[in-house]
Amino acid sequence: MPYVITADCIDVTDRSCIEECPVDCIYEGDRKLYINPRECIDCGACEPVCPVTAISQDRRVAAEQREFAKDNARFFTEPLPGHAEPLGMAGGSAVVGPLGVDTPLVAGYEAVG
Amino acid sequence: MSVIDRDLLIIGAGPVGLYAAYYAGFRGLSTVVADSLPEIGGQISAMYPEKPIYDVAGFPAVKGRDLVAGLAAQASVFDPTYLLGARVQTLARGEDGVISATTHDDGIEIRCRAVVISGGIGTFTPRALPVGEDWLGRGLSYFVPALEAHAGQDVVVVGGGDSACDWALNLEPIARSVTLVHRRASFRAHEHSVTRLRATSVQILTDSEVTAITGGDLLEQVVVAGPDGSVRRPAQSVIAALGFTANLGPIRDWGIEVTGNRHLPVDTTMSTNIPGVFAAGDITDYRGKVRLISVGFGEAATAVNNAAVLIRPDQALFPGHSSDAAPLEPATALA
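Which chain is which? The protein sequence lines are A and B, in order. Heads up: the first sequence is residues 1 to 113, going by the working numbering. Heads up: the second sequence is residues 1001 to 1335, going by the working numbering.
Pulled out of the complex, with its shape left as it was, chain A reads as follows (with noise of 0.2 Å):
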């Protein structure tokens, strides 16, 4: 039920968002934020705030973005390159700060247009 960044948000990076989580659910990668479905707890802080447009809830997400929605929950069930372990429930970003990696898709992802 949580909510998801979408590709929108490579290369952005805003963060706006990361200032508004309650929960400090919000991880920042390389390229791209992902918001940690098992941490989420859905109150939409997020939303409004993103100057890309680049966050909804999971279940609204369009047919395009859909992998990119469930890319934010491989950020931390599988481990991240040089990585041993997934981050898991990482216990909040601003504990673990910027990663510096991305997930295989968004580390591979190439601008269209």
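In short, the hints are calculated from the structure, not lab data. Bear in mind the structure is a predicted one, so any value in this text is a computation, not a measurement. Treat the hints with care, as some may be off.
[Unchecked claim] Far from chain A, by Cβ distances over 10 Å, these chain B residues were calculated: (1) Asp1005; (2) Leu1083; (3) Asp1134; (4) Ser1177; (5) Thr1214; (6) Ala1225; (7) Gly1229; (8) Arg1232.
[What the hints assert, rightly or not] Cβ-Cβ distance ranges computed for the label pairs, FRET-style: (9) A:Pro48 to B:Ala1092: 42 to 50 Å; (10) B:Leu1084 to A:Val52: 38 to 46 Å; (11) A:Arg15 to B:Ala1057: 34 to 42 Å.
No residue lacks a Cβ here, since even glycine has one placed at the ideal position from N, Cα and C.
Here the structure of chain A is known, so what remains is to put chain B in place on it, guided by the hints.
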């Protein structure tokens, strides 16, 4: 340190905690409800008082604040003791089964036989204003517990959510002036509130931030930086309504098993690993858990009824039907 003796301590005055207070009263338990926020309603009051909720049984739609008011009225029949603005800091169970808890400022000790932790996502902490934190208590505040305290003042409200807009609206008739400062162009608050605000004398400064607070013993002036440069405004009060952050807080230190840094595993009686310490609502965890308000209400009833048996072993788990009980007049103490 003052001591409060009750059968049951409920930690968290959100919807689930309030319903637990009703149920505890129905079971004849004396109850104290503690919450770190200065108002009841938990996440609903702090984050979405204006949002309609559609999944509370019997209510096709109910506005957040109306649901909280209804829950408080329902519990008030049994006159629970509320400790608001009181974060429970320590909690320990003695060998005699008496559980002792203390509040964050060491002001109060609560002694009880059972606890229900309805702590949701944990302790809410107001987001600090980036400047002027040292004015806290000398004109800067995070809440408006009593509107009258600002009568005749120049008030600057900071924020763009429901709380900021509500406070600005409610203060406007009694304050000398109200300025609303929001660092973005659009408001997060309910559209209706923003429309109402624009029809009042409240001066709305968007894309603006408070960059300095000055004064003597008490706050006298704020500097607001906006698109057209900085302006100075007289102010005796600054109310920072910048939202909240939440985390589990002191609960981690009570010897209760915690999963994912966030949740308390419970069994089918809603008991945690510590005898006498139950949990209900968003904070609980078990296989198949669904984090919804309607589920939390059910867990509150399960937790309180099991706590009732633990406190008074001669009593039955099943409380009887509320419809069979003699009707009670709402207590006037909380009215």
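Q. Looking back at the numbered hints, which does the structure fail to meet, lowest number first?
A. No hint contradicted; all consistent.
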